[in-house]
Amino acid sequence: AQSVTQLGSHVSVSEGALVLLRCNYSSSVPPYLFWYVQYPNQGLQLLLKYTTGATLVKGINGFEAEFKKSETSFHLTKPSAHMSDAAEYFCAVRLTPGGGADGLTFGKGTHLIIQP
Amino acid sequence: EAGVTQFPSHSVIEKGQTVTLRCDPISGHDNLYWYRRVMGKEIKFLLHFVKESKQDESGMPNNRFLAERTGGTYSTLKVQPAELEDSGVYFCASSPGGTGSYGYTFGSGTRLTVV
Numbered sequence: 001a002q003s004v005t006q007l008g009s010h011v012s013v014s015e016g017a018l019v020l021l022r023c024n025y026s027s028s029v030p031p032y033l034f035w036y037v038q039y040p041n042q043g044l045q046l047l048l049k050y051t052t053g054a055t056l057v058k059g060i061n062g063f064e065a066e067f068k069k070s071e072t073s074f075h076l077t078k079p080s081a082h083m084s085d086a087a088e089y090f091c092a093v094r095l096t097p098g099g100g101a102d103g104l105t106f107g108k109g110t111h112l113i114i115q116p
Numbered sequence: 001e002a003g004v005t006q007f008p009s010h011s012v013i014e015k016g017q018t019v020t021l022r023c024d025p026i027s028g029h030d031n032l033y034w035y036r037r038v039m040g041k042e043i044k045f046l047l048h049f050v051k052e053s054k055q056d057e058s059g060m061p062n063n064r065f066l067a068e069r070t071g072g073t074y075s076t077l078k079v080q081p082a083e084l085e086d087s088g089v090y091f092c093a094s095s096p097g098g099t100g101s102y103g104y105t106f107g108s109g110t111r112l113t114v115v
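Sequence order for the protein chains is A and B.
Heads up, the first sequence is in the numbering used here, so the first residue is 1 and it goes up one at a time.
Heads up, the second sequence is in the numbering used here, so the first residue is 1 and it goes up one at a time.
Rather than coming from a laboratory, the hints here were simulated on the basis of the structure.
Cβ atoms here follow ideal geometry from the backbone N, Cα and C, with glycine treated the same way.
Hints may contain errors.
Claimed, not checked - If the Cβ cut is set under 7 Å, some of the chain A residues that face chain B in the computed set are:
(1) Gln42
(2) Leu46
(3) Arg94
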C-alpha cells in the first residue's frame, strides 16, 4: 500500500521568499505524483504532475516539483511567494497501472501562509 | 469546457435521514471518482467508475453508501441512513483515462453536515 507524508500542516513564508512544501511517499511500485491546490471555498486544482520522463516538472503559477526516486520525495517549490499563493496544498500519489487501487492517495495537506 | 459540477454545494441533514449528492463530470470523461474529506483528516478515495461500471469501490466505508452512474454520464452518491461520522466534504473528479497520466479534474465538493 502507498502512503503520502506532507511535512508541516502549516508553513509560513514572507512575500517574495522561497516556498518549499515537502512531500514524501512510500510505494512498492513507481508512482504517478501530483500536487493540487485548494483556494478558500473552491475545489482542488491541479498544479502539476509527474508520470514519466523528466523528473523536474513545471506547473502553473510558477510552481515546480522534482521527483527524486532515491529519496522518495516530490517537494513543491516556488522561487518567490505571492500573497495569492495562500491556500492549502495537497500531494497525492497514484500507483501506475496494474499496481493496485485506482484512486489517488493524498497527504494531509499543508496550509501555506504568506506574511506581508 | 465546463468543469466538474457538484451539487448541492452544502447540505445539512439530521442523523437517520437520506441525502443524495450529484456529480456531473466533464463531457466525454469516462472515468469518474468519488472522494471524501472528513474534518482534520486526509482526502480519501471512495470509488471509481468507468462509464457506468464500478471499477474499484474499495474505499466505500459501508453499505449505507450507494453510488450509481446512470448511462455513464452523471453520478449520484446516496447516504442512507446518514450518521454523524458521515459529515465531511465529498469531492468528485473525472478523467479521460483511468491511469492518471492525464491528471484528474475535481469539482468544488459538497459539504455534508449531519446533525
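Going through the hints against the structure:
1. Gln42: holds (6 Å)
2. Leu46: Check passed: Cβ of Leu46 (chain A) comes within 5 Å of chain B, closer than 7 Å.
3. Arg94: Nearest chain B Cβ about 4 Å off; hint holds.
In summary, this structure violates none of the numbered hints.
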